[in-house]
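J.: Listed below, chain by chain, are the residues.
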Amino acid sequence: MSAATGEHDWTMIIDLDRCTGCQACVVACHAENNIATVGEEEVIRGHAMHWIHIERYWEGEYPHVRARFLPVLCQQCERAPCEPVCPVFATYHSVDEHLNIQVYNRCIGTRYCANNCPYIARVFNWFNPYVPEPLNEQLNPDVTVRSRGIMEKCTFCVQRIRRVEETAAAEDRPIHEGEVQPACAQSCPTQAILFGDRLDTESRVANLTGSRRAFRLLEELGTEPAVIYLKGGETYVE
Amino acid sequence: MSSESAAQNPSLVWPEEEDHSEHLLLDPRPVEEMHGILLDAMQRTGRGFWILVSFLGSLVLIGLVGAWGFQIRWGMGVAGIRRPVFWGLYITNFVFWIGISHSGTFISAILRIFKAEFRRPITRASELMTTFSLLVAGMYPLIHLGRTWRFYWMVPYPNQRQLWPNFHSPLMWDMLAIFTYLIGSTLYLFLPLIPDLAMARDHTKGWRQKLYRIFSLGWRGTEAEWHHLKLAITIFAFAIVPVMFSVHTIVSWDFGMTMKVGWSSSIFGPYFVTGAIFSGVSAVITVLLLVRKSMKLDYFLRAEHFDSLGKLILVFSFAWTYFFFADYLTEWYGGEAVGQQLLTLQARGPVAPLWYLMLVCNIAIPWLTLWNRRVRRSTVGLFVVTLGVNVGMYIERYIIVTGFLTRNRLPFDWGVYNPTIVEVLISIGSLSAFILFYALASRIIPLVPVWEVREGQISHTLRRIGRAMVPSVADLD
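So the protein sequences, as listed, match chains L and S.
Take 1 as the starting number for the first sequence in the numbering used here and just add one per residue.
Take 239 as the starting number for the second sequence in the numbering used here and just add one per residue.
No lab work stands behind these hints: they were computed from the structure.
Just so we're clear, the structure is a prediction, and the values are computed from it rather than from any experiment.
Here a beta-carbon is modelled for each residue, glycine too, at the ideal position from N, C-alpha and C.
Errors might be hidden in some of the hints.
What the hints assert, rightly or not - Computed spacing ranges between beta-carbons, pair by pair: (1) L:S94 to S:N397: 19 to 27 angstroms; (2) L:P189 to S:R586: 53 to 61 angstroms; (3) S:W402 to L:G21: 40 to 48 angstroms; (4) L:V95 to S:I351: 46 to 54 angstroms; (5) S:T424 to L:R79: 35 to 43 angstroms.
Isolated chain L (complex conformation):
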């Protein structure tokens, strides 16, 4: 259990042994965060806007090929390369929550952050979002709809984090384990994605952080990501 207010170290664990590459997290993320869907033509032009994407790697020679799946989202780096390069503080670090915040209203669209992200996890609004009636009814009221020319990325569903924090503070109780669930974790059928506060030493997230299988993506760059992957016997990515 972690306190409702004050410092949190939000952490995501992705168990590559469990990931089947079903893309349910991608769909859930689109729905939760009002991410624009751009259509087939624009996806071919490289304008797809997934905040989380499943990287698929083939291994071996035919017919002995094996697919490996690597879900990649914003790694919420502790030392994020995207932050210092933004000239207008549209991306900055929340020291208390250990989150990498993107302020849409400040963004002027230099796209410098996207170039400097070693995970290419950032997403740009190439056009205004197209939301025909009645799909506008399903937009999430907790999340801004972004216009063209703005950078965005995975927020760890910060709107859900806020809601849980505020509820817990109002009820004057700590935040329970598993109470905060980002859309991707919630929708994962194999529960490959776990989310929690690492400062809560009892939590599953805190336990798995020290796992023998734990590794961080491109760890050698020193970005200190908050997303921790668990490599499996078969789904091992170096």
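Dock chain S against the given chain L, drawing on the hints supplied.
T.: Frame of chain L; chain S shown alone:
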């Protein structure tokens, strides 16, 4: 007579036979005649000139109003940039035009400091290029922005958002450096212009005279005025040189400060500065050749000047090659997987044809031709070589910006980039804007600093020593 013996044996030419009049500074003409050459050229606006102006004007309208407006209306998606190539032709153009802007200051300030006499007739024309290419370059960060209409959020001023810009960002350094350079180089263009504007004021009528009267600031040519002007020019010449170096260094840091393989390199600063001067001085030659041809300034712009500039190009081709090689070899021996992929991309990948063309334009052609005095003095030859250098330098920036972005650490994030018609139209529009500005300015601003040429002619004399005529120079300071 000696001419007879010279005909029999050319090596026995007496020194007094040597023709010194090919040197501008040893071929003085009456001052009114020199003024006349310049003012005639400025006031000559034939039909061809206006056809050129309207042609360029329509290209500017199509590119910078039409295509850019279209992009602002619909979004950056109309350009070819895509994941993971978030920077494309606009940043390439930006770096290219900033590079061109290094021409003027280099030729004018550095050569003035070192008292290179061949600079005298060409300083103005190259300083003018600096100002206009900076204006064109300055447009590109705006064109490149996703929300152009919010560009002023990068400007530090007390605002309702209660937010200063982030001075950790190389883009902020960039903006400050470019503004400093633009202001500094414009003042540096203006100062030596004052006596020439005053000259034009005294020789013209009508709107021209009114215009020159305002901008010549009441110049009368007194001893005190000259003293102050010389002092101011000297201060600016020394001050603008470090600014020039800082500008392209900081542009290179937009890349060098990132974590991108291929970009993150400590050699980028001097590498880019050298490349900028290389392409800038080449552009000066290209423009001067066109100016000489179209404005009939053969008296001022002579083979000797192009000869000296050609040598500069050769030297900077050597320097650029040195940095290019150092950067390439380090990447190669580093052996990092992504770095190797970048080398493969250049040698055998989609950008390979461009890469080899760059090597031909920047290394092979200058090295094979410019050692030859005849090439350096030929209009067509030098025109082709210098135009080629700028093609090569454009390709260099294109590969560094867009090519390197297509290769990333995780192989899933590899991509391709092809510019769209919108980007191409905007690029053509900005090139046209530069030529248009320059063409219009060439009819308003005296393109040759007559007073500097005269100053040189007064200090250069031929003295008879024995049977020889020896050129001698009086040091002015």
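J.: Indicate, hint by hint, whether the structure satisfies it.
T.: Against the structure, the hints come out as follows:
1. Roughly 23 angstroms separates the CB atoms of S94 of chain L and N397 of chain S, a value that falls within the hinted 19 to 27 angstroms.
2. Remark: the range hint 53 to 61 angstroms for P189 of chain L to R586 of chain S is contradicted by a beta-carbon distance near 43 angstroms.
3. The beta-carbon spacing between W402 of chain S and G21 of chain L, approximately 45 angstroms, falls within the hinted interval of 40 to 48 angstroms.
4. At about 49 angstroms, the beta-carbon gap between V95 of chain L and I351 of chain S stays in the expected band of 46 to 54 angstroms.
5. Judged by the Cβ atoms, the range 35 to 43 angstroms given for T424 of chain S and R79 of chain L holds: they are separated by roughly 41 angstroms.
Of the numbered hints stated above, the single one contradicted by the structure is hint 2.
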